[in-house]
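Protein chains: 2
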Amino acid sequence: MSAPVVILVEPQLAENIGMTARAMANFGLSELRLVAPRNGWPKKGAREAASGATHVLDAAKVFATLPDAVADLTMLLATTARERGQMKRVLLPAAAMTEAAERGANAEKVGVMFGRERVGLLNDEVSLADAIVTFPVAEAFPSLNLAQAVLLVGYEWRRAAGLARPRFTGEIRAPQATREALLSLFDILEATLARAGFYPPQKREIIARNMRDRLHRMSLTDQDVRTFRGALKALERGAHRRPDDAS
Amino acid sequence: MSAPVVILVEPQLAENIGMTARAMANFGLSELRLVAPRNGWPKKGAREAASGATHVLDAAKVFATLPDAVADLTMLLATTARERGQMKRVLLPAAAMTEAAERGANAEKVGVMFGRERVGLLNDEVSLADAIVTFPVAEAFPSLNLAQAVLLVGYEWRRAAGLARPRFTGEIRAPQATREALLSLFDILEATLARAGFYPPQKREIIARNMRDRLHRMSLTDQDVRTFRGALKALERGAHRRPDDAS
Numbered sequence: 001m002s003a004p005v006v007i008l009v010e011p012q013l014a015e016n017i018g019m020t021a022r023a024m025a026n027f028g029l030s031e032l033r034l035v036a037p038r039n040g041w042p043k044k045g046a047r048e049a050a051s052g053a054t055h056v057l058d059a060a061k062v063f064a065t066l067p068d069a070v071a072d073l074t075m076l077l078a079t080t081a082r083e084r085g086q087m088k089r090v091l092l093p094a095a096a097m098t099e100a101a102e103r104g105a106n107a108e109k110v111g112v113m114f115g116r117e118r119v120g121l122l123n124d125e126v127s128l129a130d131a132i133v134t135f136p137v138a139e140a141f142p143s144l145n146l147a148q149a150v151l152l153v154g155y156e157w158r159r160a161a162g163l164a165r166p167r168f169t170g171e172i173r174a175p176q177a178t179r180e181a182l183l184s185l186f187d188i189l190e191a192t193l194a195r196a197g198f199y200p201p202q203k204r205e206i207i208a209r210n211m212r213d214r215l216h217r218m219s220l221t222d223q224d225v226r227t228f229r230g231a232l233k234a235l236e237r238g239a240h241r242r243p244d245d246a247s
Numbered sequence: 001m002s003a004p005v006v007i008l009v010e011p012q013l014a015e016n017i018g019m020t021a022r023a024m025a026n027f028g029l030s031e032l033r034l035v036a037p038r039n040g041w042p043k044k045g046a047r048e049a050a051s052g053a054t055h056v057l058d059a060a061k062v063f064a065t066l067p068d069a070v071a072d073l074t075m076l077l078a079t080t081a082r083e084r085g086q087m088k089r090v091l092l093p094a095a096a097m098t099e100a101a102e103r104g105a106n107a108e109k110v111g112v113m114f115g116r117e118r119v120g121l122l123n124d125e126v127s128l129a130d131a132i133v134t135f136p137v138a139e140a141f142p143s144l145n146l147a148q149a150v151l152l153v154g155y156e157w158r159r160a161a162g163l164a165r166p167r168f169t170g171e172i173r174a175p176q177a178t179r180e181a182l183l184s185l186f187d188i189l190e191a192t193l194a195r196a197g198f199y200p201p202q203k204r205e206i207i208a209r210n211m212r213d214r215l216h217r218m219s220l221t222d223q224d225v226r227t228f229r230g231a232l233k234a235l236e237r238g239a240h241r242r243p244d245d246a247s
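Chains A and V supply the protein sequences, listed in that same order. Residue numbering for the first sequence is 1 to 247, as defined by my numbering. Residue numbering for the second sequence is 1 to 247, as defined by my numbering.
Wrong hints could be hidden among the right ones.
Simulated restraints, written as ranges between beta carbons of each label pair [unchecked claim]:
1. P175/A - T169/V: 47 to 55 Å
2. P142/V - R116/A: 43 to 51 Å
3. K44/A - A59/V: 36 to 44 Å
4. R229/A - Q86/V: 17 to 25 Å
5. R212/V - V119/A: 39 to 47 Å
Everything labelled a hint here was simulated from the structure, so no lab data went into it. Every residue, glycine too, gets a C-beta built ideally from N, C-alpha and C.
When you get a sec, could you build the whole thing from the sequences and use the hints?
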């Protein structure tokens with residue numbers, strides 16, 4: 001599965017390039033191409049901003065022109081914030097990366113272009129792309145910085161590539177309680193509450209049923225049942241103990 | 001539809017809080033709560049880092065403790081990168097925001113907690129939450145900065161809330177060509193190529209059919225058909241013109 005190539009067109013600030021490398025590494029992208037970086041490359045400050053993702057910077061390829069940078073790609077996307085008067089498909093990042101992942105699964109090389117810090121991509125540059133990617137930002141605050149745009153694209157690619165999994169799980173680690181254990185807990189709970197005088201006259205059945213619903217919602221494990229049984233026992237014992245009894 | 005509240009627990013750096021406000025505004029979040037910000041609030045430098053999203057900072061509420069900050073919420077999520085030994089659901093941002101949007105659609109108030117720059121959230125703080133949100137980052141480079149984490153949550157919320165639409169469309173703006181116009185183009189193309197001697201003997205039908213397939217793949221509009229017809233006419237005219245003819 002080939003991951004997309006990130007292409008920065010005439011990037012200017014060392015910090016942006018470094019943070020781009022970091023954002024790429026966060027989501028498993030590693031191939032960075034720089035087209036005519038302003039004031040040359042390498043740039044002082046990029047490595048520090050890359051915060052550990054210097055391997056991306058070290059492997060970055062520099063090209064004099066955009067056609068050179070994209071020559072080997074079979075699918076090219078252009079990130080833009082503004083309408084460009086081109087009859088080109090406009091995709092949100094999720095849809096764009098779904099396609100990119102499909103192409104990548106066929107060993108195709110896909111690229112995503114990001115433009116200059118101030119003016120973005122030129123129309124002629126956008127015209128080299130199959131489709132536009134735009135971010136679903138709020139109208140009132142539409143500007144993302146370069147590294148954030150790369151981050152969102154990387155995030156969506158990782159999901160589309162089926163690699164987005166939590167790095168750990170919580171959830172129920174103990175086995176679920178059997179119905180027998182559960183019914184036994186219900187009996188113990190209801191009997192204990194009855195002995196404690198909890199139920200108003202004639203209300204026991206309805207209150208008990210509602211309580212069972214609450215317990216069902218918890219998807220109780222064996223351990224949960226044991227803990228609740230122990231707590232009920234302790235509560236009943238504690239209720240019968242006089243304050244000055246030894247425990 | 002209520003958008004989630006962003007809760008920063010003991011945030012330290014003015015720049016991070018400002019960039020958080022900006023990231024929130026990018027995706028339509030506006031309610032920020034700060035729990036015991038280190039070295040007080042407001043902080044010099046936050047407004048500048050907010051880059052226009054100062055309304056979020058101005059409306060931010062400061063709380064002395066986390067229980068105070070989350071008292072009115074009916075759903076609370078905790079962002080963590082590390083496993084916490086808690087039997088709690090672990091959700092990726094998309095699933096978490098799908099639930100948050102459902103709750104928000106019922107006018108419930110949902111909160112998402114983000115921890116300290118260095119140590120994140122404490123276990124006791126995580127234990128106040130219904131579920132954990134973790135980001136599907138690459139094992140080798142798992143660290144996102146605070147504003148990036150907020151950005152991804154905001155991005156996913158906007159999608160889950162059905163607000164993620166391209167701010168513009170490209171696509172085919174002219175009407176699709178009718179079948180009649182398309183067949184007429186096929187005829188003109190094939191006749192022009194035949195006159196130009198393009199087809200090898202006995203290959204005309206198969207080559208012509210393959211060419212039709214290519215044109216079908218373009219989903220030609222009326223304008224496309226007219227343009228191609230004009231181009232074919234000009235090519236044929238140009239082929240018959242002698243180099244020194246006036247045009």
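These are the hints, each one checked on the structure:
no., hint, result
1, P175/A - T169/V: 47 to 55 Å, "52 Å, holds"
2, P142/V - R116/A: 43 to 51 Å, "30 Å, violated"
3, K44/A - A59/V: 36 to 44 Å, "39 Å, holds"
4, R229/A - Q86/V: 17 to 25 Å, "22 Å, holds"
5, R212/V - V119/A: 39 to 47 Å, "41 Å, holds"
Violated hint: 2 only; the structure is consistent with all others.
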